[in-house]
Every structure is written in structure tokens, then in C-alpha cells.
Amino acid sequence: MIERTFTVLNKMGLHARPAAAIVTALQKFESDVIIRKDDQEVDGKSIMGILTLTAEYGSKLTLIAEGADEQSVMDNMTQFFSDQVHEE
Amino acid sequence: MSSTGHSPETRVFKGISASPGIAIGKAFVLEDMDLAVGRWQVPPEAVKAEVSRFRLAVADTRKEMIGTQQKILKLLGKTHARLIEAYLLILEDPLISKDVVKNISTNRVNAEYALSEAVAGAVKTLEAATDEYFRERRHDVLDVGRKILLHLLGHEPQDLEDLNEPSVIVARNLTPSDTIHMKTQFAEGFATDIGGRTSHTAILANSLEIPAVVGLHEITRHVRPGDMMILDGYTGTVIVNPLPDVVDNYRREREIRGAERRDLERLRDQPAQTIDGRRIALAGNIDSPAEIKNLLANGAEGVGLYRTEFLYLNRDTLPTEEDHYRFYAKVAQSVLPHPVILRTLDIGGDKLVDLGFPELTKSEQNPFLGLRGIRLALRHPDLFRTQLRAILRASVHGKVRVMFPMVSGLEEFRAARKILNACMEELRKENIPFDEKIEVGLMIEIPSAALVVDYLAQEADFMSIGTNDLIQYTLAVDRVNDEVSHLYEPLHPAILRLIHQTVKAGHAAGKWVGMCGEMAGDAEMTAVLMGLELDELSVSPGLVPKIKKVIRETKFSDCHALVTEVMKDPSRDNVQGLLRRFRNR
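Sequences listed follow chains G and U, in order. Heads up: the first sequence begins at -5 in our numbering, then just goes up one per residue. Heads up: the second sequence begins at 1105 in our numbering, then just goes up one per residue.
Derived by calculation from the structure, the hints in this document are not laboratory data. Any given hint could be a false lead.
[Unchecked claim] DSBU-like cross-link-like pairs, simulated, lysine-lysine; straight-line CA separation at most 30 angstroms:
no., chain 1, residue 1, chain 2, residue 2
1, U, K1202, G, K22
2, G, K54, U, K1118
3, U, K1182, G, K22
4, U, K1206, G, K22
5, U, K1287, U, K1118
6, U, K1228, G, K22
Note that the structure is a prediction, hence the values are computed from the model and not measured.
The task is simple: from the sequences and hints, build the whole structure.
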């Protein structure tokens, strides 16, 4: 299991487009991915789940990946987030 | 107009106008599916079959959506096709796929019921969101749920294929797949229960130029197929079963609006050119990239004044270089091939108190003569540099010009230019590209600048006359003060002389001169301004067609003669008489 925290630096927050991009990327992996914000946890492969997080600008998200390809998941997400979200 | 006429069935609904225009016709009502379905127990041996039945329905729905997506991509383009992508993601969402299967397997309920439970749960969570955008997404979830349900129940997907005569389409909501088979020539208008200005219905209606009113709440409940309807997309009004004279009124209104629109459309792609061939750049004044589409649709050739102030308002922290850059790049790109003039920050210090400048709290006795415009920028060079760097960076994305406000003389212009040059040097060192030949200009809005304009014209690449302040400062009139506002006189000889001198000085130095104050958008003044040989007029977007029309109906030689007459005796009475005669010539 790998865990890593990111801060949302997209001014509009995790709106439909970035949320959809995350889901589309994660669907390619076997691992289960959980996204946690404060005390709320959602399935990283669920668009509705991510939207219900209402992760606005500045909020902190913890990604927890577990499975055979968990390292690839984290690499992919780190790469993905580096554009708009700074890793802590 | 009253809704309670003699005809008892006349009803008026108010919604959100989503696409302009007037539609008159019979109602075509798209029936709605209710998601409330029965629950029954599935025998243990049939659970597996029930799960496959659900999976098959999801697969069929996906096939239908992908088919729709292809068609939409071909017919309407990417923006619309993207809506389907969101639907596909919802369809594949574990909240629907996993939870429904789990519910069928563990509780042995029928697929329809399990589906409606999952959809209701997701909708409930989204409803609780504080953000309007996220809340609105529940409609997408409901639409996807309905589509799967239709497949589960073996219904033919309902769409607008049956539309065979000109009709006003009434529906709870219009989804991309609803509209894809629609014969658009029969769609007179759209009226929907839900939706906002950015809903699919609104986007579609606008691109097809079909009038639409959305957010009508329960109109589907009150309209029967075949009811006579008037849909006013300008005001967001829908009238069901109107009286005959009301229909006649709207027919006339529709004709007038149609003629106006045709005129405007004809004008849109015509140059702002006089009968005898003198061309002038007709541009627009805007505050936000969102206004550009409308500005260009009105036939403007660029942005003559982009007010950057709004970037500083309604926020707790100063905008970063990236914030500035994002907006400016967007504007520069979307007005291409036309230019945009970005005017640097022009607000009073009081607006910056909450953004980290507590020392500016001290209220000024004469804010209009106080610390604002370029004075504020020069006092806080860091603030200024952030903006200038962003402007320079954005300059590679289009034709960007930069303009300084409230310059009173050479020193301020040189000081501002020096900071700009320093920013250029920084960017060169950082290997960040920008337009090395970016035009740098200033507003002529303080009388002292107008009086030394020949010096300024040597150093600036262009000048734009800001008439509102120029008139107020020259005539010492506060035009919101009722006691003296009658003295606010754009045609005062002093003003005409300052404009005249500014244009002459600019042209003598080989520079162009524009005007971006309200005077530029006053059709009564256009002939005088043309005669004064201004090279550019920048007006609010809505005024572009009107000013263009005046220019195209005027002879430059007549404007010239008019100005010669005006300058002989520039008293108000004489000038007004000359203008009257010019209009009625």
C-alpha cells in the first residue's frame, strides 16, 4: 500500500475535467485507489465519488493505492498531478 | 401582458433565457420516465441471470452512447461530444456498476430497483454539495440512470425522431442523445423544466440558433401535445395557449427582430469604412474574456480597451502572475487576428487595502486627484511588475498592446516604460519568449498630458483618448454631481481642441490615435470624431453595430468639412446646430 498527499492548486478545484481525467487514468490500473479528503473517502475510479469530495483550490487530497501495480498508479498520478497539483 | 385573459387555459411561465429569438408553434412534448420502479424479490437461482440482465443493459446503453457520440462529433463538434464522455464515465462509475450488482446479489432484488436505489443515493449526495456546479451534475446522473432503465425495460430509446412538423419542443431536459435524431428544421424552440445558461440545451440551441428557455420547473406538467405556444428567448417567457392578438404581437415582434438581426449580420463582416473609403478601426471595451464572443459577433475588430481591474476585485489575495497571464493569453488568442490593448491596473488605492496594502487605508479627500492609475503602479512597482510580466508573456499568443492609464506627463510615461523594459530584460534572461515589438501606449485623459502630447507622441507607440476623465478634469465637472452635471459637455471647444491636438501630434510623429471613452460610442458624435481623423474608436460591445452603421453611411469628406466648420466657431450652440444639419443633410 502506498500513500501520498497532494494539494489542489487548480484554481477551479477538482471540477469535471480534472476529475474525469483522474478517473480515466485510474481505470487502466488493477489496484484499488482511495482518495481521502479530511475524513471523507471515495473510490478513485468513481467520477461521482470524486465530485462529491468537492475538492476546492487549496484542499489536501491523500491518495492510497493498493494492488499489484500500486507503484505504477502512484507514478502515474504524481506525473499527472505535477501539472496542476503540487506534491507535498 | 396579462396571463389571465378571457381564455382560461392561457398560462405564462418565466424561465431562464438560454438562446435568443421568438418561437411560435405547437407543443411537442417529450414524455418523461419516472425512475420510481417496483421492487420484487428474485429467487436465489435467478440472481445470476438478473446480474447479467443488468450488465447487458449497461453494455447496450454504452453502445448507444458511443453511437451518439460519433454522430454528435460529426454534426456538432467536440464541445457537445465531451458531454457524452461525462455520461460514459458515470455509466462506468463503481457507484452504479458495483453497488447495483452487490445489491442484486446480496438482497436478491430486481435490477430496476437496485439501479434506482443507486441513482437516488448518488443524486442525494450531489444535492448536498454546496457548489452549484456539482449540484447540477445530479441531472447527468439521473439521465444516465433513465437510459439504463429504458434498456432494462426493453423500451425503444425515446427521441425526437417523431418530430415531423414545426414545433416547440417541451421536455424535462434535453440530453445529447435526445437531440441527435432531431430534424432541426422542425425545431422552432426548446422549453425545458431544468437547466441553466450552460446546460446542453442552451449550448445546442445557441449553436443551432434556435430560441430556448430553460429552468421552467414544471412546464412539462402543464403543456399538452399540440397546445399553441409562444416562446420568447429574449426575456425567458413562455406563453401556453395565448390569445390570438398576443400571437399577432409576437409575430410582428419576431419579424422586426429578424430584420434587425439580418441587418446586423450583414454589417458584421463589413469593414468600418466610409462611403468614400476612409477606414477606421472599430474595437470594443471589455472587462473579461467572456465578452469576446459577443464582441466579435457584433462585428468589432479587436479590443481597444481591456480593463484589467476586475482581476483585483472580489478576492482576498493579490492576483499572481499566473492569474494575470491566464486571462491575458486567453483574450489575446480569442481576438486573433485582431489586436487587444491591455490597460494596466486603473483603480484607486482603497481597493487594494484588503489585498495586503494596509497603508493605503487612509481615505483620500479627492480620490479622483489621488493615488490611482499609473501613480499607484509606480508607488508599488512589485504589483506593477507582476502584471507587466504577465502581459509580456501573453504577447506571444496574439497581437498584444500595453497601455498605461492616468499618465500626467513625460516622467510618468518614462518611469512606467523603464519598469516594462526591466521586465523584458528579466524575461530574456529567463529565456521566456515575448513579443519584442510589443506596442506601448498611454491614455490621454489628464489635460496636462494632452497639453504636452507632442512630446509624448515621440515616445509612445500609440495613444488612446479616455474622454470620461479628460472631460471631467478639463471642465472641472463631477458629472455625478447633480448641481454641475449639466456642465459636462463632450463638445466643449476645449475638449474638441484637445482631441484635435492629440490626433495631430500623434500623426505628426507617425503614431496612431484612438478613443476609448464613452464619447466614442455616441453615434451623434461619430461624424465629428471621424472628421478629427481618429484612427480607432473603441466602444462597448453592444454599440459596435450602431457606430459601424453610421460610419458606413457617412462620407469622410463631409466629416472633414464639418470639423472645419466646427473649429471656426466651436461654441456649443453653433456645434449643435452644425450637427443637427449634418444629421438631416
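Going down the list of hints, with the structure as the test:
{"no.": "1", "hint": "K1202(U) / K22(G)", "result": "holds, 17 angstroms"}
{"no.": "2", "hint": "K54(G) / K1118(U)", "result": "violated, 42 angstroms"}
{"no.": "3", "hint": "K1182(U) / K22(G)", "result": "holds, 24 angstroms"}
{"no.": "4", "hint": "K1206(U) / K22(G)", "result": "holds, 22 angstroms"}
{"no.": "5", "hint": "K1287(U) / K1118(U)", "result": "holds, 27 angstroms"}
{"no.": "6", "hint": "K1228(U) / K22(G)", "result": "holds, 29 angstroms"}
Hint compliance for this structure: hint 2 is the single one not met.
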